[in-house]
Amino acid sequence: MVDRSVANEIIVQTKERKPFSIMRLITNEYFLYGVSLVAFFSIWHYVAATKLLGKSLATPYEVVLELIRMTHLKLAGKTLWGHIWASAHRILIGFSLGALIGVPLGLFMALNRYVNAFVKPVFDLFKPMPPIAWISIAILWFGIGEPSKVFIIFIGSLVPCLLNAYNGIRIIDEELYDVVRVLGGNRWHEIFQVSFPAALPALFAGLQISLSIAWTCVLAAELVSARSGMGWIIIRGMKLTKPELVLGGMAIIAIVAWGTSLAIAGLEKLLCPWRRSIRDL
Amino acid sequence: MAEQSSKPKIICQHISKTFIQKGTQRVHVLEDINLEVRDNEFLVILGPGQCGKSTLLRIIAGLETPSEGEVRLDGAVIKKPGPDRGLVFQTYMLFAWRTVIGNVEMGPKLRGVGKEERRKIAQHYIDLVGLKGFEKHFPHQLSGGMKQRVGIARAFANNPEVMLLDEPYGQLDAQTRIFMEKEIERIWQTDKRTVIFVTNNIDEAIYLGDRIVTLKNKLPGVMDAVYPIDLPRPREHTDMDFLKLRQTITDASELVL
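Sequence order for the protein chains is A and B.
All residue numbers for the first sequence refer to my numbering, where the first residue is 17 and numbers rise by one.
All residue numbers for the second sequence refer to my numbering, where the first residue is 38 and numbers rise by one.
It is worth saying that the hints were derived from the structure and are not from the lab.
There may be inaccurate statements among the hints.
[Stated by the list, open to error] Distance windows between CB atoms, simulated:
| hint | chain 1 | residue 1 | chain 2 | residue 2 | range |
| --- | --- | --- | --- | --- | --- |
| 1 | B | Gly170 | A | Asn202 | 27 to 35 Å |
| 2 | B | Lys173 | A | Ala267 | 37 to 45 Å |
| 3 | B | Gln58 | A | Leu283 | 38 to 46 Å |
A virtual CB, placed ideally from N, CA and C, is assigned to each residue, including glycine.
Based on the provided sequences and hints, a complete structural model is requested.
Here it is, written out as structure tokens:
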């Protein structure tokens, strides 16, 4: 039996190995991924090298060269790593504060209608306000130093964290609480065995949104007033008319933001094992 | 049946229920239900959709309070849910974030049973419902029939005196349904206790019940008739007596079942 099934598999595999053809190559997904990327960088390089759009575009090669130069050359007293850390540091503090206050507050509001009735009116007043709108008042209150930037990021992170924690609990099927009650559980069991675990995925979705808003906020704050950070690098590149500096800064921001988002996704995978196989399908 | 004592396990006395919707609108769901369920009896409550049978079950579970009348379990009035009654839901209601064994051990866990002990209990009921080998699976990885096996095992693992099943097979396809009916009968024979099984399926009712209570077609739900079933188990859907009984019940009720 075993021999036969192995033999069958070999036959199937040889059958599936079709001869090479152009049609099969251009319908291969991975081949198309490659074509797409090569085409993008080629066109970029061509447009930049021939100065088709004027002088304000650097070739991909120049951008990479500039970034490598910046890793050891200091700009305003900091290398590239120093500037990445300056922005990341602000995000870390602002985002953590936003999450540490927003998530518990959202959970409390969803679990207790008196807390909800007290907090919601004021929260609804501030909810639709874009966090960037706070920049000027933040500078008036805290000056142009670190606190004003952290404050903007905090405001930006707070809202999605709170909303998702709140909604994560509100969408739970009431009958799940019935299950706990019928099994002999009390209100605490309902909260710890149903509310919190069921809200966890929504909570992580909120953290992801907060994080991307936090990046927007830190850049905006640094564009307005800063002596360090990735936002400042971009502004610096613009003032010096160095497109390779601007583009390099943008690329680094994308990479670091992508990395932080992956970190949250990794944490979610660790804490929500039941979501793993759904995602990986 | 021989195992049954004549002493009633559950008594429903003049149960009525009116829900108040949107502040003013009143929905009269149950009217004067009087019911006695004997110890270790398999009682089926049969009725069409929207006739209040699920509400009756939720009242017995203690999740709803009756507007009038009372339910007694072993003589004591039921006021709230408790581990002496287990409930199986039509929509399974499994904890998506817990594995099969994590779901089944929930009852003992809430009652403070130690980890080793509750794992042993859970494993016993997982084996009983035929889910051996799926202990570490999450609910979304299981088929509908398997999910309901988890629901049944979870209710049993809490060792309730009364099992309440609310249209447990309503979401299953016909084949799986018949198979699961055989399974619940086997489980009940292995681990006898009082069962109240709510369904809208007449074949399911005759196949499983020691007794069938029918409810009338429309709201408020009122009791229509009671049919004792003395057919030997396991029963055959195509048996002459089975079909005769089916005809009797269908004729007596004004509805097409």
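Discussion item. Flag every earlier hint the structure violates by its number, smallest first.
Written reply: Violated: none.
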